[in-house]
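Participant: Protein chains in written order, with the working numbering: chain A, 342 to 603; chain B, -7 to 507.
Keep in mind the hints are simulated off the structure, nothing from the lab.
We put the beta carbon where it would ideally sit given N, CA and C, even for glycine.
One or more hints might be untrue.
Okay, the calculated bits of chain A under chain B, using three or more residues with CB under 8 Å as the criterion [stated by the list, open to error]:
| no. | region |
| --- | --- |
| 1 | 396 to 408 |
| 2 | 527 to 533 |
| 3 | 543 to 549 |
| 4 | 566 to 578 |
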Amino acid sequence: MTRGTQISATISLLFTLAQPVLSQEVASPLETTRENLRLWLETKQKEQLEINDWKNDKEVLTLYKEGLLKEIDTYKQQIADAKVLASAADQESTNKITARDQFIAAEKLLSEELRKQEEQLAALIPLLPPPLLKAAKISVGVESLKKNLQLPLDAQVDDVAKRLANVTELMAEAEKFQQGVNVHPELHKKSDGNEYNMQVVYFGMAIAYAVNEDSTFALVGTPTPTGWTFKESNDLAPAIQKLIVTATTEKDVSFTPLPISQ
Amino acid sequence: MKSSLNLLLVLASACSLVHAQNDSVAQSKAKLEESSKALIETQKEQADLRRHLYKEVNELDDQVLTISKELRQLERDEALRTTNVKKLDKEVETRKTQYAYTVGLLNQYSKALISRVHPSEFQIYREPIGQIDQSALNSANEPVKEMQERLKVLTLGIKRLGEISGGSIFEGKALGFAGKSLDGTFMIMGPSVYFAVKNGLSEGICPAQDTGSNFPAFVSINESGGSIAKAILTQQGTLPFDGTLGKAIVAEMKHPGGQNKALEHVMLFGDIAKNMMFDGWIAIAICVVMIAIGWTVAARKIIYLNSIEKGNRDFLREWSKVANDLTTLERNNEEMSSAKMSETPAMKRSPFYEIYHIGSEEITNRIASTKKGHKGLSGRSIQAVRAALDSGLVQLQHKLTDGLVYLTISIAGGPYVGLLGTVVGVMITFAIISKEGEVNVNAIAPGIASALLATVAGLIVAIPALFVYSYLNNRIKNITSEVKVFIDEFVAKMAEFYPQVNEASAPKFSNNDDI
């Protein structure tokens, strides 16, 4: 039996014994006592309840606090990680930006230098032999080159890679032409005003010899800054005819002596 | 009393009860107050603790909120940064690709340029292009610097285009005969490159074949007569142009100065012999032995026949002195001979001389065996002398034809030995081809050509041997015929000077008093 129960039982016994004896004025203290005891009991119960509540609350709050602390730790760790990551990412970004800037600078340099090369190459265009200039690849390339040169550097239609490809292709074609003995039919005017279909043999970009079908009209061609010029040299017709036969049929393989200047 | 006492007791009890009640009320009140106070204190204390704890929790909560906000911000920043980095990445990648493409174009052009220039231009362009490539490679991590280096190739290419247009001239070195380095001047006229040696002693053309060094090969052209050097020096005059893009140069290289083409064919045998297999060499070795024996025999036989023909001529010259007086043979043969004939060493090798001595000896012996005073020969004796002479002829024939069998063997056997070598060689060539599974004329041709070399060797043995054999045989026949004629003449003379005993009244003498 608990102490509370004992107290309650004692109080009840006292009230039972005292009730028949005491008058109206006597019952009042008992009542009061009872009331007090009840109130005391209630108070004690409340206190206990309060203690229990606090205990529970404390436990819950403590757990919650611990959870929060853990969460804070986790967040802090995550923040630290994120900051490290951000720092690394910043470094990476910086590197990438540096790389990008370098590529931009290289492209700018290429664009500027290429412009100079384009200008120099454009000056060499008249030196290219006419059959080479008429070739589809070259004619398109030359046209593109001229267009690019007409526009300012920052308003180029073609990107720098395309311009560079065009320049290298033009040069490559010219170099290939230089490597060969090229025979092409061309129309040329004689001093009498008549025009003849002639076989023209080009020794690369150095010199050209032309002869008509019946070997009565011959020309020697050389490149000049304004283009190729052909000078009449009819006495060379038989030799040029022989050279063209050798070049086209590869019969009678031998050297043909021809003048290099007229 | 008792009752009073009892009453008193009751009253006392009642009073005490009342007092007790009053005490208990007071006590209960006190207890209540105490407990109320305790409750209030407890409540207060707990409220304080709770408040404190809540405060802490709230603070932590706030802290969590703040930190989480910060974390979210960082996460948002990270996401943004990731997006930006990705964007940047993409941009860098695009620029890098474009950069790599442009650098690749320049690099490709650099390599193509060196492959398109003439070997004579290597000494101008190979080193700078190599340096540019190396510098560009060293600056691979610095796009601007690398681009700067690579662009130099373009400058070089454009400069070259300007120079080669209309022909270009430059000083340099070329490799002459046996790789000798020659200083001189080049003139580039398209694909044709001319070179004049510095001292002016030689001029020619540089073919487009790469020699593996920085210098081109130089083929001297003798027919140009100084025109190349003059053209290079003055940029005027004539140059020999090759319309076949190098074939004329190749022809000039093969036959410098119009060298005989036959020599080229002979030299081809050297190439063919290189591919010869062991069995072929055996056949050729046998052929060589046959050639050696056959030609030795032929040489010795020719020398022998020459010597006996010379002896015959000498003998016939002396023979006329004794031809009309064979009776002198009755006397001492040697004395007679030395008296009548001037014998030379060549004459002693003559078959006529041998036959003459056989006949003379036989006659002497037979006359000596007959009765004294009888200087004739019976028919049987003459036949016996003739038989002895024929025997001498047969011996002579044996001597003349001795060794000719080696030539006959060469004629008959040489081609067969060669053919055997060829057949075995062809067989092995085909066996090798079938094993390797390669059907290529370039793989078959050398083997077949080498195998056929054995047949050539066999024919080289047989054909000269055939000609020499025919020649020697003809000469031997002629000599034999002459000896036969001489025997007939000798017998006729013998019958004339030594008639049969019944017929002979007296021996006939010539008008020559010495005999």
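Participant: Taking the hints in turn, state whether each one holds.
Facilitator: Here's how the hints hold up against the structure:
no.	hint	result
1	396 to 408	holds (count 6)
2	527 to 533	violated (count 0)
3	543 to 549	holds (count 6)
4	566 to 578	violated (count 0)
Checked against the numbered hints given earlier, the structure breaks hints 2 and 4 and satisfies all the rest.
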